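Produce the complete structure using the sequences and hints provided.
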Amino acid sequence: MSAPQSTYRDRIVTKLTAAFAPAALDVIDESAQHHGHGGWREGGETHFRVRIAAAALAGLSRVEQHRRINAVLAAELAERVHALAIEATAA
Amino acid sequence: MTDTHAMIDTEVQSNDVVLFMKGTPQMPMCGFSGQVVQILDYLGVPYKGINVLASNELRQGIKDYSNWPTIPQLYVKGEFIGGADIVREMFQAGELQSHLKSRGLQVRETA
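As they're listed, the protein sequences go chains A and E.
Here our numbering is used: position 3 in the first sequence is 206, and no number is missing along the way.
Here our numbering is used: position 60 in the second sequence is 304, and no number is missing along the way.
No wet-lab data here; the hints were simulated from the structure.
The structure displayed is predicted, hence computed values, not measured ones.
Some hints could be false.
Said to hold, decoys possible - Here are the computed lysine to aspartate or glutamate pairs in the EDC-like style, where the Cα-Cα straight-line distance is at most 20 Å:
1) LYS218(A) x GLU248(A)
2) LYS307(E) x ASP213(A)
3) LYS307(E) x GLU282(A)
4) LYS307(E) x ASP229(A)
As structure tokens, then:
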């Protein structure tokens with residue numbers, strides 16, 4: 204019996220947790236708000252909002268914070284995730 | 245250097261404020277692009293909007309240009325500022341206004 208396929212949300216949480224050990228992490232699927240817009244797909248998981256607070260992001264510019272997060276999620280962005288809203292703070 | 249890269253570079257270097265976006269400032273085709281348009285319009289800063297939906301090469305090329313996977317992308321005086329989230333955070337903190345002024349650009353003062 205194969206394990207249930209993990210969702211993109213689960214993958215995002217797992218990868219960000221491993222990469223940044225965040226003090227707080229919220230990954231919200233906002234795909235429903237973009238129903239019918241560009242990049243939307245049946246089943247959702249195309250538009251996410253990430254709220255992350257992590258000491259690992261301290262001392263970085265906003266652009267650099269976002270780049271680190273985007274790099275960790277490069278596979279997800281390439282495969283399915285169309286939009287990734289990021290609210291990052293150094294905790 | 246590809247033609248697309250050269251074209252992007254020319255736009256970024258020759259315009260004070262450039263927004264690579266989906267759609268046009270008059271008709272944004274994406275909520276995130278629309279947010280940045282609203283902020284720039286509110287600040288009254290002249291900018292050039294470039295519609296990446298006009299060509300697949302441009303749509304991919306702008307992502308490669310700044311190693312940034314999403315659109316919109318805002319450039320001021322040749323420098324990459326950020327995407328929709330960063331522009332909004334900077335605007336709300338007053339940092340976008342001060343950054344534009346520090347680059348010699350006029351920002352509409354609001355009472």
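Within 20 Å, alpha carbon to alpha carbon, are LYS307(E) and ASP213(A)?
26 Å, violated
Agreement of LYS307(E) and GLU282(A) with the hint, judged by alpha carbon distance not exceeding 20 Å:
Distance ~15 Å between LYS307(E) and GLU282(A) Cα, so the pair holds.
Between LYS307(E) and ASP229(A), does the CA-CA distance stay at or below 20 Å?
26 Å, violated
Sort out whether GLU248(A) lies within 20 Å of LYS218(A), counting only the CA atoms.
16 Å, holds
Violated hints for the displayed structure, listed by number in ascending order: 2, 4.
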